[in-house]
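Between the sequences and the hints, there should be enough to build the whole structure, so can you do that?
Residue numbers (the UniProt record's numbering), protein chains in the order written: chain B, 1 to 366; chain R, 1 to 366; chain F, 1 to 366; chain L, 1 to 366.
Keep in mind that a hint or two might mislead.
The list cannot tell twin chains apart, which means a pair is met if one copy fits it or any two copies do.
As the list claims (entries may be wrong) - Listed below are the simulated BS3-like cross-link pairs for lysine-lysine, each with C-alpha atoms no more than 30 Å apart in a straight line:
| no. | residue 1 | residue 2 |
| --- | --- | --- |
| 1 | 75 | 307 |
| 2 | 148 | 307 |
| 3 | 198 | 49 |
Treat the hints as calculated values from the structure; they're not laboratory data. Source: prediction; values computed, not measured.
Protein chains: 4
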Amino acid sequence: MSGNSMGLLFSVTSFGESHGPGIGCVVDGCPPGLELSEADIQAELDRRKPGTSRHVTQRREPDTVEILSGVYEGKTTGTPIALLIRNTDQRSKDYGNIADTFRPGHADYTYWHKYGIRDPRGGGRSSARETAVRVAAGAIAKKWLREKHGIVIRGHMTQIGSVEIPFQSWEVVNDNPFFAADASKVDELEAYMDSIRKSLDSVGARLRVVAENVPVGWGEPVYDRLDADIAYAMMNINAVKGVEIGAGFGCVTQRGSEHGDELTPQGFASNHAGGVLGGISTGQDIEVSIAIKPTSSIAQPRRSINKAGEAIEMETHGRHDPCVGIRATPIAEAMLALVLIDHALRHRAQCGDVHVDTPRIPGRIG
Amino acid sequence: MSGNSMGLLFSVTSFGESHGPGIGCVVDGCPPGLELSEADIQAELDRRKPGTSRHVTQRREPDTVEILSGVYEGKTTGTPIALLIRNTDQRSKDYGNIADTFRPGHADYTYWHKYGIRDPRGGGRSSARETAVRVAAGAIAKKWLREKHGIVIRGHMTQIGSVEIPFQSWEVVNDNPFFAADASKVDELEAYMDSIRKSLDSVGARLRVVAENVPVGWGEPVYDRLDADIAYAMMNINAVKGVEIGAGFGCVTQRGSEHGDELTPQGFASNHAGGVLGGISTGQDIEVSIAIKPTSSIAQPRRSINKAGEAIEMETHGRHDPCVGIRATPIAEAMLALVLIDHALRHRAQCGDVHVDTPRIPGRIG
Amino acid sequence: MSGNSMGLLFSVTSFGESHGPGIGCVVDGCPPGLELSEADIQAELDRRKPGTSRHVTQRREPDTVEILSGVYEGKTTGTPIALLIRNTDQRSKDYGNIADTFRPGHADYTYWHKYGIRDPRGGGRSSARETAVRVAAGAIAKKWLREKHGIVIRGHMTQIGSVEIPFQSWEVVNDNPFFAADASKVDELEAYMDSIRKSLDSVGARLRVVAENVPVGWGEPVYDRLDADIAYAMMNINAVKGVEIGAGFGCVTQRGSEHGDELTPQGFASNHAGGVLGGISTGQDIEVSIAIKPTSSIAQPRRSINKAGEAIEMETHGRHDPCVGIRATPIAEAMLALVLIDHALRHRAQCGDVHVDTPRIPGRIG
Amino acid sequence: MSGNSMGLLFSVTSFGESHGPGIGCVVDGCPPGLELSEADIQAELDRRKPGTSRHVTQRREPDTVEILSGVYEGKTTGTPIALLIRNTDQRSKDYGNIADTFRPGHADYTYWHKYGIRDPRGGGRSSARETAVRVAAGAIAKKWLREKHGIVIRGHMTQIGSVEIPFQSWEVVNDNPFFAADASKVDELEAYMDSIRKSLDSVGARLRVVAENVPVGWGEPVYDRLDADIAYAMMNINAVKGVEIGAGFGCVTQRGSEHGDELTPQGFASNHAGGVLGGISTGQDIEVSIAIKPTSSIAQPRRSINKAGEAIEMETHGRHDPCVGIRATPIAEAMLALVLIDHALRHRAQCGDVHVDTPRIPGRIG
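Structure representation (structure tokens):
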């Protein structure tokens, strides 16, 4: 376990570099009997894939997934599911310059000092390309959660740079290039992103992910709390710098009389907890919000050093997302799904036969 | 591993309930040869202990720690270090009422549905009392990090409710009951907390933890990123609802030209990354900020339900912190220490013999 | 995880040295609702405890266990169960000699080189005293397996030195100091052990452990096979040098036509597999056999070296079992129970909802 | 972790079925900077591959390995190394019969009851074909151990059915189809195996694996003992029913005065311990012996049942090894290498900076 696996019972072990032969993962622990095809996974991959609008990287990877194992006659068998996505758009070019310098905001400097060797081509292992693997693995988790428990996991952008995007409706999220839940904001976002791109700069973003219909009782009490595992999963996404559950940082100025969600026979009166109390799901929606830093690769001159420790100036040209946050929505959904399925299985292991007479109250009143 | 252990190589396995015989933990993986006594641990415990001012719970627990194993003639032996803190201030009282109802904002409802049984005395396992164990284990981690690597881990409150507390100096943090780094704010905080208490309410808080002198190269690339493990650790603290690394949510409105920390031979030009790039430490200060919700136990009437699912009204009297965030400072320091020592050992395992000629630049210019 | 925990879902984290304040463990993952008292555990500890006959060590430890957490009103709560056994019979004596030399057959030399420091008192962490902890944890596992699945786990000695002990009946096993399943052999064993003791020597032993009523389907397919986890658990017992499942080494000279257990609607026709095929339980009895080396501490002069690397001669006096294998029976039962409960929970997690129409055939014909 | 990963720090996650698209694994935790090419791995795979003599299965798989990640410019980068072996010799045939019945001695019955679904083609996941993956991963481990520590890991058959094979010389082991260390035995073995094959039967086997030059101090004290992890690894090999370390079952009749290896300044006087004391390596050779059951697939009629639970008679035709033990030699070497590298890294993590003045005595006198 050197940092490339996550999940105790539904575990994903990821591999691959941006410009090597391919990327992929082994999903171990998927319950048997789930109907699964490459098309199920491809549908999620296509939501993340580059080249879909002018606001994301123009790299063109078909990102075609192959299931190498663990599925027989269209159903999972309980054995490991290996997924492989071949890399196809590795442009042949000279990486000599990148290989000897450290791009600001990137992992070049830290990888170099940690490993003493690094694959500089497209960022190697630290490339956001690796996140395709999580979306693929997450597609399996999502499907199981939906079919077994009716759980729906969805995300949308709430802010891109200075533009806040209110929530209007889930309906429109997949119909615009910004995963915006308010169609009336799309024109403003288009113009804003165009201006960012023209200024040879990039911006940060914020998004929200919600899981509905999670049963009460999933999670652990002290160290593998459901919200802690979610924070871990989200902060594992490239470029994420902040995570909130429920009220998040808003709780700092709340009073206890406001924050603590009251219970009524008709349901919880509010959801400041974001669906988790004491590390365990309440049955309310799991509410997560994350902050994503602006893309580090920009075409402006920036100061840095080279391997010899000498000062240099560099600008990064190429096919980069001006806001990496945009394509993070399916990734964040996938990460949340991976955490939830793991806790679903953990719950079944220890408490699968617990019966409680107390009625489970609805997540929300009315 | 049912949610009571953390750490891969320096692992802490916690046990105990608020009003049972005691709480404690087993620390496995501490390198041999570290000088360690109960006094080393007690010093940290005393910073967290209740009853030190009128602004925290008046529960009086001496919280005396006993080392049961793993230390011989004043030094760690490399074998597990078991720590035990006996509970002494369990007031004998009737918990019948609490046992049949679910306090809003608490884990009562979720524990009940998860386990079908719960120890209601003082919150049982979900009590913040368990955090004493982390402070104890963290004291060992802190000492090793300091002696082996010169790492200093410190925290201070940055906001209590609506009162922001600027950073002035580390010197004063331990000299006031609020872990405030600005002595001039103490009077205002005293008055503010008195007013909160009088209104029978509670408030949230925000604090910052910093680790200085962390070497470049600690962390993992994809899933057990240093910042992800920090987010996990922090969100595992009772009542934490948000975690930020470096710029945190502030990165949403930053441009790439601002956020990406430039490198110069004299050091990094800024630290928006908070000391972590690509999941691996940069050699800059690790900067973490967390949000802590207001205490859920307040003496105001609140709506809830009982085990039969019927509507009730309850108010929680007793010895509660009006702002649980205050005593969270040593806990957050401990959690950061636990994450760092684990990654120190992981780094040594995989990359302990890596040698790089590139100079390691200082964390900060000037 | 530095070698003091075992089990993925029902995990035992052990601590303690032979002559420190105490030994104990944290059991994490026990399902909630199991009736459990200290008496349940004490009963198993008493089967292992020293001083019960002249054929085992005369050290007198009451080995009284205290439950520190995880049990409320007589039932497990699903939270960690911490167990503590205080050491009481640490004779005050000078360990200076032992501290500077390495006893042949003991872990002194290896601990010293690994850790650079060791607690020499009574073997410190490497003392067989630590096995009391496993018996205590195993008592919980045994009880759950029996109550939930009707599983019965029993062991008996099959050979002590040159004396083979046939299986006659489980009835007599706990009625003689040798855990012999043949009462007619007890006199011979008494005389044999007396002669060994008089010759200032020790002997090896062999024992068999059986788990009945294990359902078909527990185990994992490739790396955490049920039999592999059993082999791991058994070899983790001090002094064990060999492990067999089913036919064991006898399979070397078997033909496929003999070894492969035929299936009939009335049950399996034989059990050469020892209850495990492809790493997964068959529903037949789990059959395990282990070899235990002779006690290393003997009162004869033996060659060794001291810390300076100089040749010395040493004999070990004190209160030692002339055959450590004798008291290993309850330990081996406990280890098997710990493996089985872990796989019971793992099975429930991944395959808890699998339904198969095929009848489960009985373990044995007739 | 559902039973398809092994290793804490150098972990192998395996995937694939006998007749699916391919088999492979992800090796996570390999230290950076190791020179590695597909040829290094292929050399070990070729030792295990089928079709090399008339005494093993005639299935013809080139078993060509592809490195998908983790290697850059001929060196490991510290990131995961994914290996893929495409399946090429899946004969198209009707598996209907096998799909509805359970072959005696195989995992058919247990997989079916565990998962409720199974890939019957060639045994699916339970096929010995999966062991190619371990040989591939083991090749990496072997190379690192050899280059970093000078460790040599070698195995040879010690018995096939009733024919014992004495050790004469390592030189000849790879020059005969039986991995025999005595060339004079080869004719007898040829004749013996021919007779077994003609009788439509199969036989068991026994082999020995040795690791030379392992430093003193690797291993863990209580639960992840080096010998326990070896036993686990070996018992994870298909068809293994017994494991011995050092004297193994021979210790049952030994006296303590014989078994306990004396230490002298010139080295240990014997190696009954098999290179492990108290779970930690002594610096002597690690000595392991395993028993492998006879091939279950034989062309004789055997009793079984079908999915409906009805009695049937079946014989298994096809391309099967008459003694699966023969090709197990490189697999057992690989498994030992995987355990050793994991403990090498674990040792470095916890005790990498321990310095002891005591001289390390040689493994053997003279």
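Status of the hints after comparison with the structure:
1. For a Cα distance limit of 30 Å, the shortest separation of residue 75 from residue 307 across copies, 19 Å, qualifies, whereas the shortest one inside one copy, 50 Å, does not.
2. Proximity of residue 148 and residue 307 under a CA criterion of 30 Å is satisfied inter-copy only: 26 Å between copies versus 52 Å inside one chain copy.
3. For the identical chains of this complex, residue 198 and residue 49 are intra-copy neighbours only, at 23 Å inside a copy versus 56 Å across copies, given an alpha-carbon limit of 30 Å.
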